[in-house]
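Sequences listed follow chains C and H, in order.
Residue 112 in the working numbering sits at position 115 of the first sequence, and the numbers go up by one each step.
Residue 417 in the working numbering sits at position 435 of the second sequence, and the numbers go up by one each step.
Be aware that one or more of the hints could be misleading.
[To be verified] Lysine to aspartate or glutamate pairs mimicking EDC-like chemistry, simulated, CA-CA at most 20 Å apart:
| # | chain 1 | residue 1 | chain 2 | residue 2 |
| --- | --- | --- | --- | --- |
| 1 | H | 15 | C | 33 |
| 2 | H | 15 | C | 34 |
| 3 | H | 531 | H | 458 |
| 4 | H | 487 | H | 529 |
| 5 | H | 690 | C | 46 |
| 6 | H | 15 | C | 36 |
| 7 | H | 752 | H | 671 |
| 8 | H | 15 | C | 29 |
| 9 | H | 487 | H | 446 |
| 10 | H | 15 | H | 287 |
| 11 | H | 162 | H | -4 |
| 12 | H | 487 | H | 113 |
| 13 | H | 387 | H | 369 |
FYI, nobody ran anything at the bench for these hints, they're computed from the structure.
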Amino acid sequence: MTTQTGEQISIRVTVNGRVETAELRADRSLLEWLREDLDLTGAKLGCNEGECGACVVLLDGRPVNSCLVLAAEADGREVLTIEGLGRAGALHPLQQAFVDRAAVQCGFCTPGMILCALGLLGENPDPSPDEIRRALAGNLCRCTGYQQIVEAVLDGAGRMREGART
Amino acid sequence: MSGQGYDWVGQDVERVDAVDKVTGAARYTADLKFPRLLHAAVVRSSLPHARLLHVDLGPALSVPGVKAAVCGRDVPFHVGIYLKDQTVFACDRVRYVGDPVAAVAAESPEAAAEAASRIAIDYEPLEPVFDVERGLEPDAPRVHPELGRYECVPWITPEPGTNVCNHLKVRKGDFDAALKRCAHVIENRFAVPQVQHVPLEPHVSVARVDLAGRVEIHTSAQSPFTVRHLLCACFGFKHADVRVIVPHVGGGFGGKAGINLEPIATALALRCDGRPVRVAVDRSEEFYAVVVRQGLQASLTSGVDENGRVIAQKMRYVWDCGAYGGYGVNVVRAAGYTCGGAYAFDHVQGDSIGVYTNRPIGSAYRGFGMQEIHWALESQMDAVAREIGMDPVEFRLRNCLGPGKATVTGQVLDESAGDVATCIRKVACGIGLDVDRTDPSGGGPIRRGRGMACAVKAPAMPNDAASSVILKFCEDATLELSLSGVDIGQGLRTVAAQYAAQALKLPIESVRVHNLPDTHLSPYDWQTVASRQTWATGNAVLRAAEDCKRQLLETAASALGRPADALELDAGCVRDPDSGRSVPLDRLVMGYLFEDGHAVGGPVAACAHFVPEGLLFLDPETSQSKKPVAKWTFGAQGVEISVDTRTGEIRVDRVVACYDVGKVVHPSLIRGQTFGGIVQGLGTGLMEELVLDRTSGRIANATLADYKIPSSLDAPRMEAGFLETPQADGPLGARGVGEHTMIPTPAAIANALVDACGVRVHSMPLTAEKVLAALDAREAGREGGHRGS
Ligand code: FES
Ligand code: FES
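This is chain C alone, in the form it adopts within the complex (with noise of 0.2 Å):
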């Protein structure tokens, strides 16, 4: 384990559209990066290991847990997170459907499942509820019982559809 001091590095990465900069500890995580250096804490930390998907974030418009990848390996790419999808007054209408299909409990989970169902629709604009289950089977919810979730993600896929061809 490194303590205190690591190796240094320099990064440039593309942050919900701002270019950032930053000299950190090789060994620092992408979730720590976004959540203690830009306080952009809507990625949350639920297990540190890769099984919960409470961290997701797109690079380059993948879905990634971030806090199983360094800071380091966004160098030069571009990360989204929930603060950079949409507000209030213009929620991404995948946020919409999240309100309107009560897709929402204790919320910790839900920064993740969007932008991993983000990522998903990236691909695959029209999927089916299996397609869109098998997804999201890395994103843990204690909540939901999963249903409204995906009925969410298909209403956000609907709507997204729409608004392409509008």
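With chain C held as given, fit chain H with the ligands onto it using these hints.
Relative to the frame of chain C, chain H with the ligands by itself:
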């Protein structure tokens, strides 16, 4: 959403915190930033049972960046909600692997971990007790030799000199005599292992003690006032000097009830010169070191007459409370007075016994003992029905509670208690238990089966448990609602807004429930547990709204020169129906200013509380009581499963649930609660179990990789239905249901397994190995000549 009238209760309004949660704006305790924050590491016992001879903090203090180190001798104070059997850190004895022994606070998590690893501990190992059978033996080692000296509420009865931390007896009628008259006597034993809550957000607390001695805690907890109260009892603080703030909480399920990491954080903060200290457990510690659900060993004897009526019923529930029973003793009690579940047994002998072991701490867990006893009871009812050749649905209907029937404690239920018989019928019909069920799979390897189970639960709480709320109008007639019930995901803040908006005829968007619980600012609430919040807080909101309405009418009476009782509150105004004149709310909520310049009334605000009425203690010998609990909620679930007879694997395909909730306050929230409960129930039913390594006393599967909880692939298709028999003291008739949704699922699955394959598994969870072993045993039995059994 306005313009549809103001009947918000019963509508799918938007969750008040939904946008916060989908944008990442919602801050949970670990998301908060504190200047000059110190990080803690907790040193935990590596032995399950040992005398603690010496703790040397010295080496930790010399690690660079360490600010403080603390152990039992520094804070030898007791803590616990019902039985004060635990100290902040182990003092002279450790009782489970994970027992906190010491803690350090340092500038970085790495420095804290390094310092913690240097603390030297001398132990003298003692023989551990790993199961309740051993714990009850007369020569078993005592986990708590000091049991007789602990402080305890009067309705908990520890047995000093033994490992029994509570024993509740239910004696009704004459069990022995009745049993002799029975046509059938059927006995079975059932078991439930310790499991863990697995909230997605692990426990975390931040404490700060400023230089004037004031304490401020931010914590992921279900009960800010109970945290404050127990912290004051522990450290001797004045309540008003302690401020507990609960940000958003990432799931609780009982694991964040009572008090958990807060005393450790406080003990460190007292030594850190005004700097905040964060204690956070990692996922592995979350599994074994904080709290878990108690294990259960149950033995049931049912005596049945020729008509399929259970007339004599004996139940012995022995609970594995683990190392400390501070909270768990009340689970033992609740399981005792609810020992007969949803059934009306005339002659009852019930015993619920809590036993200390050297395992993780058993505590509150969604359902508070009810899923565990229903596992036993609902498996037993099914087994009895099959044994006497009666349809299990019909057998349940013959024996279930209902208006005019008496519970095991002799409480005669009235109409407002809810309708379990209709729940049973609806579920049986919904899952297809009422039709001819020849297995469509024929003789293939995948067998299908259906089964059901009932559920009942009452809130287990002190008789005077209170909830209160404050309503305050703003200048523009928007309304602020402040409460200390915690929205742990169930949607309490939304439900509270619905009641307030309906009672005051406001657009739902005009109600803001934006104060997260803060003991300095929001009014008293006992705890967010026991499925009590919609009912208790809902009532408090209606009362406070009534008071606000009175104030508005009085001010309007002066303004309009009419008696207050001639006026009515309407949408956005107070109106005189006779003259048609009205005053808009924004001219009343801060008082009314007349044209000549004089004013009447003032800012409209109200505080109100709710405490249930008429509760009576249990008789200490027999537990008989006319009203031992505030309310009951009944329900049932039916499941359809497929079993792969080659592997023993069960897949739950479909679940149908029906609960009598009094009033559906928010249709999509209650559906979500029900689905979440079913899947949590399915997890405990099929896959969850804390596995103890009996050599080391450690939990062997304390990671999410090894302790699986259901994923999206495990969740079945679910349908939820609700009855609305109004609760007499419920807000617009509502009663609680949050916990009930996970109670019947495992037993329903076990009953479906019998339907599918003819084998019954008596211990949770229903793993593939157990199912396969049961199938093999049946085959072996057949080959041995017992064909047709
Ligand atoms: S915190 Fe990254 S997967 Fe759990
Ligand atoms: S909403 Fe609580 S974990 Fe998913």
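Hint check:
1. H:15 with C:33: Measuring from Cα to Cα gives roughly 9 Å; hence the hint holds.
2. H:15 with C:34: Measuring from Cα to Cα gives roughly 11 Å; hence the hint holds.
3. H:531 with H:458: The hint holds at about 16 Å.
4. H:487 with H:529: 14 Å, holds
5. H:690 with C:46: 14 Å, holds
6. H:15 with C:36: 8 Å, holds
7. H:752 with H:671: The given pair, whose Cα atoms are some 13 Å apart, holds under the 20 Å limit.
8. H:15 with C:29: 13 Å, holds
9. H:487 with H:446: 31 Å, violated
10. H:15 with H:287: 66 Å, violated
11. H:162 with H:-4: 59 Å, violated
12. H:487 with H:113: With Cα atoms ~57 Å apart, residue 487 of chain H and residue 113 of chain H exceed 20 Å; violated.
13. H:387 with H:369: 25 Å, violated
Violated hints, listed in ascending order, are 9, 10, 11, 12, 13; each of the other numbered hints is respected by the structure.
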